[in-house]
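All chains should be modelled from the sequences, with the hints used to inform the complete structure.
Residue numbers (numbering that gives the first Met the number 0), protein chains in the order written: chain A, 0 to 292; chain B, 0 to 418.
No lab work stands behind these hints: they were computed from the structure.
Since this is a predicted model, take the numbers as computed values, not measurements.
It cannot be assumed that every hint is accurate.
Footprint (simulated), chain B over chain A, 3 or more residues, beta carbon under 8 Å [to be verified]:
#1 134 to 143
#2 162 to 174
Quick list of in silico lysine-lysine cross-link-like pairs, DSBU-like style, CA-CA up to 35 Å [stated by the list, open to error]:
#3 Lys361/B / Lys211/A
#4 Lys247/B / Lys237/A
#5 Lys361/B / Lys130/A
#6 Lys117/A / Lys368/B
#7 Lys114/A / Lys368/B
#8 Lys117/A / Lys361/B
#9 Lys180/B / Lys361/B
#10 Lys130/A / Lys247/B
#11 Lys368/B / Lys237/A
#12 Lys211/A / Lys149/A
#13 Lys361/B / Lys114/A
#14 Lys65/A / Lys361/B
Where is the CB? At the ideal position from N, CA and C, for every residue including glycine.
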Amino acid sequence: MSWAQISCQYDGTYPGFLSCVFDCWVNREEPAEFRTPDDMCCSLYPLRTVETDMEHARRVYRSFDKFGREGRELAVRCFLTCLPERELWLWRFLRLGYEQGAGVSRNLTDPVVDKVRKAVWHLEHEAHQYKGFARFSQQEEILVGEIEPKNRVLPLLRPHFCSRYPQERFVLHDRTHAEALFHRPGPGGWAILSVEDFSPGPAGEEELAYRKLWRTFYDTIAIEGRYNPRCRMTHMPKRYWAMMTEFQEERDAALPEMPGRGGRISSKDTEENGKIEGILLRKYTENSGRRTI
Amino acid sequence: MELLDKLNILADAAKYDAACTSSGLDRSGRPGTIGNTTMAGCCHSFSADGRCISLLKVLQTNVCIYDCQYCVNRRSNDVPRAAFTPEELCELTMGFYRRNYIEGLFLSSAVIKSPDYTTELMIRTLRILREKHRFGGYIHAKAIPGADPLLTRRLGLLADRLSVNIELPSSPSLALLAPDKKKEAILAPMGQIRDGISQSKQEIAVYRHAPRFAPAGQSTQMIVGATPESDRHILTLTQALYDRYQLKRVFYSAYMPVSPLVPVSEDYQPPLLREHRLYQADWLLRYYHFRAEEILDESRPNLDPRMDPKCCWALRHLEFFPVEVNRADYEVLLRVPGLGVRSARRILRARRVGPLSFEGLKRLGVVLKRAQYFLTCSGRMMTGLRVSEDGLLRHLISLEAPALAAPMPEQLSLFGDAV
Ligand code: SF4
Numbered sequence: 000m001s002w003a004q005i006s007c008q009y010d011g012t013y014p015g016f017l018s019c020v021f022d023c024w025v026n027r028e029e030p031a032e033f034r035t036p037d038d039m040c041c042s043l044y045p046l047r048t049v050e051t052d053m054e055h056a057r058r059v060y061r062s063f064d065k066f067g068r069e070g071r072e073l074a075v076r077c078f079l080t081c082l083p084e085r086e087l088w089l090w091r092f093l094r095l096g097y098e099q100g101a102g103v104s105r106n107l108t109d110p111v112v113d114k115v116r117k118a119v120w121h122l123e124h125e126a127h128q129y130k131g132f133a134r135f136s137q138q139e140e141i142l143v144g145e146i147e148p149k150n151r152v153l154p155l156l157r158p159h160f161c162s163r164y165p166q167e168r169f170v171l172h173d174r175t176h177a178e179a180l181f182h183r184p185g186p187g188g189w190a191i192l193s194v195e196d197f198s199p200g201p202a203g204e205e206e207l208a209y210r211k212l213w214r215t216f217y218d219t220i221a222i223e224g225r226y227n228p229r230c231r232m233t234h235m236p237k238r239y240w241a242m243m244t245e246f247q248e249e250r251d252a253a254l255p256e257m258p259g260r261g262g263r264i265s266s267k268d269t270e271e272n273g274k275i276e277g278i279l280l281r282k283y284t285e286n287s288g289r290r291t292i
Numbered sequence: 000m001e002l003l004d005k006l007n008i009l010a011d012a013a014k015y016d017a018a019c020t021s022s023g024l025d026r027s028g029r030p031g032t033i034g035n036t037t038m039a040g041c042c043h044s045f046s047a048d049g050r051c052i053s054l055l056k057v058l059q060t061n062v063c064i065y066d067c068q069y070c071v072n073r074r075s076n077d078v079p080r081a082a083f084t085p086e087e088l089c090e091l092t093m094g095f096y097r098r099n100y101i102e103g104l105f106l107s108s109a110v111i112k113s114p115d116y117t118t119e120l121m122i123r124t125l126r127i128l129r130e131k132h133r134f135g136g137y138i139h140a141k142a143i144p145g146a147d148p149l150l151t152r153r154l155g156l157l158a159d160r161l162s163v164n165i166e167l168p169s170s171p172s173l174a175l176l177a178p179d180k181k182k183e184a185i186l187a188p189m190g191q192i193r194d195g196i197s198q199s200k201q202e203i204a205v206y207r208h209a210p211r212f213a214p215a216g217q218s219t220q221m222i223v224g225a226t227p228e229s230d231r232h233i234l235t236l237t238q239a240l241y242d243r244y245q246l247k248r249v250f251y252s253a254y255m256p257v258s259p260l261v262p263v264s265e266d267y268q269p270p271l272l273r274e275h276r277l278y279q280a281d282w283l284l285r286y287y288h289f290r291a292e293e294i295l296d297e298s299r300p301n302l303d304p305r306m307d308p309k310c311c312w313a314l315r316h317l318e319f320f321p322v323e324v325n326r327a328d329y330e331v332l333l334r335v336p337g338l339g340v341r342s343a344r345r346i347l348r349a350r351r352v353g354p355l356s357f358e359g360l361k362r363l364g365v366v367l368k369r370a371q372y373f374l375t376c377s378g379r380m381m382t383g384l385r386v387s388e389d390g391l392l393r394h395l396i397s398l399e400a401p402a403l404a405a406p407m408p409e410q411l412s413l414f415g416d417a418v
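Quick look at the structure:
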């Protein structure tokens with residue numbers, strides 16, 4: 000017997016999505032689409048609004064253990080990808096997983112598994128690229144970096160950068176998804192939070208000097224007799240260049256400091272213009288440290 | 000002299016070294032330190048020549064007492080000279096590392112005063128990095144031939160990877176172009192490093208905190224095209240280096256005409272395609288269970304520029320094919336042109352669920368352009384495929400044509416220039 004088709008509206012978070020899975024499964028309903036409150040248009044299907052329920056989310060999350068280590072990772076990571084209609088694909092993947100158990104991730108020729116795997120591979124590949132291509136600037140005592148990824152790579156980058164800079168305070172801002180990874184020294188000293196209106200301050204003298212040194216190194220290290228722009232482009236597509244120091248002209252030096260922008264960011268749920276430092280400290284006490292996805 | 004000028008001179012002098020990988024070692028960061036390393040390594044940028052930039056690759060100094068003819072730093076060459084103080088170089092490395100420009104330092108040096116003096120200078124730099132800055136990122140150091148073994152040992156305790164460049168593929172070439180270097184002087188530190196690494200591994204097995212000597216292994220590099228050795232000679236040498244010295248990698252560097260003393264013709268072009276084919280053949284030795292003598296023999300001393308070495312091998316061994324996707328062993332799958340390590344592994348996993356068809360292979364991400372001629376799925380060739388031996392050769396060559404028309408085919412890579 001086929002399940003009734005509905006349109007699932009949720010808050011756009013991962014626990015919210017898992018709550019949808021719970022409700023649909025219990026009510027024997029097949030979501031034909033997933034919507035968040037931001038989606039404007041009306042729907043052809045009966046609308047079911049799902050409230051995020053942490054207990055339901057946890058139960059669904061635990062059920063992923065059935066898929067084996069790899070299948071579980073796909074079920075978690077797929078949500079971070081930029082796959083169009085990722086929720087629907089993930090839902091189909093989960094149904095397949097409940098049917099097939101741990102074998103699901105090995106079922107490489109199934110179109111649903113294939114779609115999900117490719118999307119996750121794209122996410123992982125992008126995260127790997129950003130491990131190298133992300134650039135930080137020193138602003139007072141804090142390292143500030145910005146990226147513009149297609150997928151939500153911060154949860155994947157988090158272990159790497161926290162391991163790389165255990166003693167540093169740093170912020171890595173994802174422009175595309177308006178969220179940032181914050182870190183300070185000490186166990187569990189990190190958080191991924193949504194931020195609005197993030198703008199790094201102007202660079203100091205030392206920072207400018209290092210940028211210049213890096214550009215010099217970058218230009219010097221290429222061998223003229225082997226010039227090969229096509230090869231460079233294959234390995235490092237143009238879309239990364241805009242945020243990379245080696246391709247930036249130094250405008251910082253020429254521009255006067257803009258009022259109200261220097262070294263400040265504001266976040267949805269903190270007061271305007273809290274200093275990075277302030278946000279770091281307050282957030283840690285409020286959120287007891289972490290939020291994974 | 001300004002730091003910027005020094006960097007300019009000493010990076011310029013180091014750029015001909017092909018190695019820039021930061022791979023071979025997993026070490027996570029610990030509280031109180033800065034830096035980690037990852038097994039696959041990490042490319043932080045790509046320069047205009049398409050090469051991976053992973054490490055700050057510089058010389059401690061380009062002042063040299065020797066006069067190797069193929070080298071820009073040779074004593075008789077009229078170029079500006081400079082030297083980093085250990086402190087300067089450490090500041091620079093840390094400044095770059097914190098900004099995520101680099102994965103670590105690749106420290107090499109020309110020979111200033113004596114091999115011992117040079118090595119001591121390098122040791123001072125690495126000690127400050129490791130001890131004062133508590134740097135846990137990647138360090139690749141060049142061992143200086145002729146230095147006291149005790150100094151080389153101290154260098155290896157600070158670095159993650161050591162290398163000694165073999166420079167030229169044979170002793171007569173060395174005698175001709177690097178009169179100050181003897182094959183023995185190069186091989187001696189190589190042997191010492193090999194023994195140091197294996198001893199250190201044993202000690203760590205017994206006592207976890209035993210000091211680590213070059214834990215990411217040893218590599219070397221040779222210049223191709225300055226001297227007349229054949230590809231077969233070079234590959235046989237490469238294999239011997241892997242077998243006898245347990246090297247992690249051998250790098251090849253197409254000779255750039257930096258000296259009027261190495262006679263090259265007017266229209267000399269650095270043999271980039273040859274270098275590319277050598278890397279492909281090297282890949283076959285390291286990951287595809289090939290031996291040098293299978294790839295080239297006396298009747299065929301050089302790699303075919305038109306096709307990759309695996310295709311060439313397959314065309315000479317058509318009796319080996321077609322291979323049945325649903326039954327063949329891993330090693331057999333690896334011999335199929337167009338199938339890489341990743342595809343072969345995927346095939347092994349996917350066929351446990353059910354028999355694979357050509358459609359299924361495509362879904363796995365297997366590229367069939369080349370492989371289709373050498374495979375069957377459940378006993379059947381790809382439908383509509385019929386070619387003679389002759390047509391096959393022409394077809395495989397034409398597949399490479401677009402890559403060859405470009406200025407330079409990219410080096411093989413798994414995630415950039417990892418491994
Ligand atoms: S010893 Fe090294 S730096 Fe000096 S000339 Fe020879 S190759 Fe060049």
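Against the structure, the hints come out as follows:
Given a C-beta distance limit of less than 8 Å, the hint that chain B covers the stretch 134 to 143 of chain A holds, as 5 residues qualify and 3 suffice. Coverage of a stretch by a chain is defined here by at least three residues with a beta carbon nearer than 8 Å to that chain's beta carbons; for the stretch 162 to 174 of chain A and chain B the count is 6, and the condition holds. A C-alpha spacing of about 47 Å is found between Lys361/B and Lys211/A, which places the hinted pair above 35 Å, so the restraint is violated. Between Lys247/B and Lys237/A the CA atoms are separated by roughly 32 Å; this keeps the pair inside 35 Å, and the hint holds.
Of the pairs offered as hints, the one joining Lys361/B and Lys130/A holds, with about 30 Å between alpha carbons and a cut-off of 35 Å not exceeded. About 20 Å separates the Cα atoms of Lys117/A and Lys368/B, which keeps this hinted pair within 35 Å; it holds. Our distance criterion of 35 Å between C-alpha atoms is met by Lys114/A and Lys368/B, whose separation comes to about 22 Å. Taking the CA atoms of Lys117/A and Lys361/B, the gap is about 13 Å. The hint holds against a cut of 35 Å.
Only pairs whose Cα atoms come within 35 Å are accepted, and Lys180/B paired with Lys361/B is rejected, the gap being roughly 52 Å. Proposed proximity of Lys130/A and Lys247/B is supported: the alpha carbons are some 24 Å apart, at most 35 Å. Using a Cα cut-off of 35 Å, the hinted pair Lys368/B and Lys237/A holds, with the two alpha carbons roughly 28 Å apart. Distance hint between Lys211/A and Lys149/A is fulfilled; the C-alpha atoms sit about 29 Å from each other, no more than 35 Å.
Under the criterion of a C-alpha separation no larger than 35 Å, the hint pairing Lys361/B with Lys114/A is consistent with the structure, at around 13 Å. Distance check on the hinted pair: Lys65/A and Lys361/B sit about 28 Å apart at the alpha-carbon level, within 35 Å; holds.
In this structure, the earlier hints numbered 3, 9 are contradicted, and the remaining ones agree with it.
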